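As you go down the protein sequences, you meet chains A and B in turn. Its first residue numbered 1, the first sequence is counted upward by one per residue in my numbering. Its first residue numbered 1, the second sequence is counted upward by one per residue in my numbering.
Because the hints were derived from the structure by calculation, they are not lab data. Small disclaimer: the values here were computed from a predicted structure and weren't measured. Be a bit skeptical, because a hint or two may be false.
With a Cα cut of at most 27 Å, we get these calculated DSS-like pairs of lysine-lysine [to be verified]: (1) B:Lys92 with B:Lys150; (2) B:Lys247 with B:Lys150; (3) B:Lys383 with B:Lys228; (4) A:Lys159 with B:Lys193; (5) B:Lys433 with B:Lys181; (6) A:Lys158 with B:Lys327; (7) B:Lys327 with B:Lys374; (8) B:Lys327 with B:Lys150; (9) B:Lys181 with B:Lys171; (10) B:Lys181 with B:Lys193; (11) B:Lys383 with B:Lys310; (12) A:Lys159 with B:Lys267; (13) B:Lys171 with B:Lys150; (14) B:Lys327 with B:Lys44; (15) B:Lys272 with A:Lys158; (16) A:Lys158 with B:Lys228; (17) B:Lys327 with B:Lys310; (18) B:Lys143 with B:Lys132; (19) B:Lys272 with A:Lys159; (20) B:Lys353 with B:Lys267; (21) A:Lys158 with B:Lys132.
Across the chosen pairs, the derived CB separations fall in these ranges [what the hints assert, rightly or not]: (22) A:Asp80 with B:Asp372: 50 to 58 Å; (23) B:Asp372 with A:Tyr75: 49 to 57 Å; (24) B:Lys327 with A:Leu52: 28 to 36 Å; (25) A:Trp55 with B:Pro367: 31 to 39 Å; (26) B:Asp372 with A:Met160: 39 to 47 Å; (27) B:Ala426 with A:Gln201: 52 to 60 Å; (28) A:Glu73 with B:Lys171: 54 to 62 Å.
Built from N, CA and C at the ideal position, the CB exists for glycine as well.
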Amino acid sequence: MSIALQGAKPAREIREVTAWDRLKVNKNWLGAWFMLPAAAFLILFLAYPLGLGVWLSFTDARLGREGVFVGLENYDFLRDDPVFWLSVFNTILYTTVASIIKFAIGLYLALLLNENMPFKAIIRAVVLIPFIVPTVLSAIAFWWLFDPQFSIISWSLKKMGLITQNIDFLGDVWNARWSVIFANIWRGVPFVAITLLAGLQTVSPSLYEAATIDGASPWQRFRFITYPLLTPIIAVVMTFSVLFTFTDFQLIWVMTRGGPVNATHLMATFSYQRAIMSGYLGEGAAIATAMIPFLLAAIMVSWFGLQRRKWQQGADND
Amino acid sequence: MTDLTRRTLVKGATAFGAISALSGPALLDWAKAWAQNAPWKPEKGAKLSMLRWKYFVQAEDDAFVKLIDAFTKATGVPVEISRESYEDVQPKASVAANTGTGPDLFWGLYSLPHLFPQKCLDMTDVADYLGKAHGGWVDSAVKYGKSGNKWIAIPICYSGALINWRVEASKKAGWSQFPTKTDEFLEYAKAMKAQGTPGGFALGHASGDGNTWIHWCLWAQGGQVVDKNDKVTINSPETVKALDYAKALYGHMIPGVASWNDASNNKAFLAKEIFWTNNGISIYVAAQNSAKDIAEDMNHAYFPVGPVGKPTELHLMYPILAMTYTKNPQACKALIAFMLDAQNFNPWIQAAKGYLTHCLNEYDANPIWTSDPKNTPYRDVAKRSLTAGGLGSVGEKAATAIADFVVLDMFANYCTGREDAKGAIAGAERQLKRIYR
């Protein structure tokens, strides 16, 4: 038998393995191809407009006319523009106050909704309503609520005899700021609440049982079980919340258009005002570009501040 | 009827008092005769598209559509019309001018054509034709329409911004007529507020109502944004005087005007919250439909005259332009001329109920201006209006300064006490210098 086998089939010719051969079976190479459509989308619809915006901020482009490169001139002008700094102040105030309150109310609501109660599903759905209503619609509703002449709030207080004159909600600088912040909170709370609720439901009840047996108070249970286990979701939800608030446009535009006397201009509305309304595309782009560092900082804080565990940052679990 | 020429028709119409509103088949016959005699013959297979500002009075748009239909039937040129809020026409036109594609015709606000004069079709022949046929153009229209020696747009109409006031309440305060001088106006506002019937002007970012009264106020005291060479002259004692005047007036207004937009004063007036304001005729039109008591008790008046001694009003101009990229320039010109010729224009401005004011003198005779004496002040707004930018050029810079609310914010900053006069003026000056460099 062994003799018969000998030389029965000539062994297949052995050739060098080429780089191409290696590449053909390389998983990463294939992976790169699969990534390509996604990358194309990102570049076309995200990176390109962002890059174009940054480029525009270095030109003196006007609406309907291409500009030439002017270096940092737009930024130079903005540096001495009190309205720009006012809009920065407004944006930071708006974002900070609204985000903190949204978080507080959202967490409170989430904890409430996490309890067992009758009509749980319906109540949870109802909480979402402010988030479902189109922003423009709710903005118009608030605009009426805060109207200097027809505000139902002023009307009710007057009927109750608490005030004698309508409250000037949107005409007074600070009133206007608190009014738009209030509207933003109203809109943003459901998002925070429902997302945190989802997080709460992933916490295993056995942990609470164990803690209860150990004699932990409700506050201790929240502080040492709920909160630590919730931090990843808090990080995500607050990042989004801060980003949405920081870049808010519709609420402000519908309610005040940045008025009175620019007291509610956010960087986003101010950028639109300068770029589209007045036609200074370059300057508007510069204002928009100036938002990027703030946004990056906000992301950094929540991701590196709140996500202390390694797996949350993409490493293996510790 | 088909053998009628335009001339005989015009003569006939004049004999009937110039304004027999043709409709149905009569309008079509007239349109056909017009098309035969018009100096512009639309290109073969021509199609037009137009972007116009969105109407405020429905009847105006209905009449507009009717005349466009007549044009299409008479010339065979279909016209596609799209409508945008009047603030949004400008950005779209700018982009179209830049990219060389888009609607053939744009009908927008203020000095739109001056943003890109080299992209506008030369309309000199149309302007001459219309001017000759209809009693000539008013001065402000010439300024808005011309760039150098060339007409780059046809000023279709103005929308007047005048005082709307309640008669009975004013009488009670001791004024049977609306004050004609700025000092008296201050007294009037004070008396009106004292008896609980205040008024108000918008100090928020209201493109129409805010800008018109603010510029009146500035000019009435002799202030100017720029001189006639476009040099920024806002930093002047006259501006300070205007600011002080506005602040005094603001003190006599209903609280809350700092947040008002273009719609706020309409609402407040119709709800009997305010008793004087500035507006187009739309409050009156709305009151006639839904609040007859207000309509009967209200009237219109010119803005009071200030120390400069002459009217200093700013009204909203609506010019139409054709882009040089259009494939059918003759059709564009024919359509514009058609719109402004008497048989079309008269019923049209009648349908607008006084909201639109003509720029061609002949139309002073339109019965809309005299059938109801309360309409009459709006007849003359084209003659009384100063142009955007005041003494300076009507152009991109003036348009930008208005769109960016530079002057409006200066007044609002001072009136609401956010800044002192010096600070408010300095802020405006800095921004204006950048716009006018």
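Hint check results:
| no. | hint | in the structure |
| --- | --- | --- |
| 1 | B:Lys92 with B:Lys150 | holds (24 Å) |
| 2 | B:Lys247 with B:Lys150 | violated (42 Å) |
| 3 | B:Lys383 with B:Lys228 | holds (20 Å) |
| 4 | A:Lys159 with B:Lys193 | holds (22 Å) |
| 5 | B:Lys433 with B:Lys181 | violated (32 Å) |
| 6 | A:Lys158 with B:Lys327 | violated (63 Å) |
| 7 | B:Lys327 with B:Lys374 | violated (44 Å) |
| 8 | B:Lys327 with B:Lys150 | holds (21 Å) |
| 9 | B:Lys181 with B:Lys171 | holds (17 Å) |
| 10 | B:Lys181 with B:Lys193 | holds (18 Å) |
| 11 | B:Lys383 with B:Lys310 | holds (12 Å) |
| 12 | A:Lys159 with B:Lys267 | holds (21 Å) |
| 13 | B:Lys171 with B:Lys150 | violated (50 Å) |
| 14 | B:Lys327 with B:Lys44 | holds (11 Å) |
| 15 | B:Lys272 with A:Lys158 | holds (17 Å) |
| 16 | A:Lys158 with B:Lys228 | violated (52 Å) |
| 17 | B:Lys327 with B:Lys310 | violated (45 Å) |
| 18 | B:Lys143 with B:Lys132 | holds (17 Å) |
| 19 | B:Lys272 with A:Lys159 | holds (18 Å) |
| 20 | B:Lys353 with B:Lys267 | holds (19 Å) |
| 21 | A:Lys158 with B:Lys132 | violated (61 Å) |
| 22 | A:Asp80 with B:Asp372: 50 to 58 Å | holds (53 Å) |
| 23 | B:Asp372 with A:Tyr75: 49 to 57 Å | holds (56 Å) |
| 24 | B:Lys327 with A:Leu52: 28 to 36 Å | holds (31 Å) |
| 25 | A:Trp55 with B:Pro367: 31 to 39 Å | violated (58 Å) |
| 26 | B:Asp372 with A:Met160: 39 to 47 Å | holds (44 Å) |
| 27 | B:Ala426 with A:Gln201: 52 to 60 Å | holds (58 Å) |
| 28 | A:Glu73 with B:Lys171: 54 to 62 Å | holds (58 Å) |
The structure is inconsistent with the numbered hints 2, 5, 6, 7, 13, 16, 17, 21 and 25, although it conforms to all the rest.
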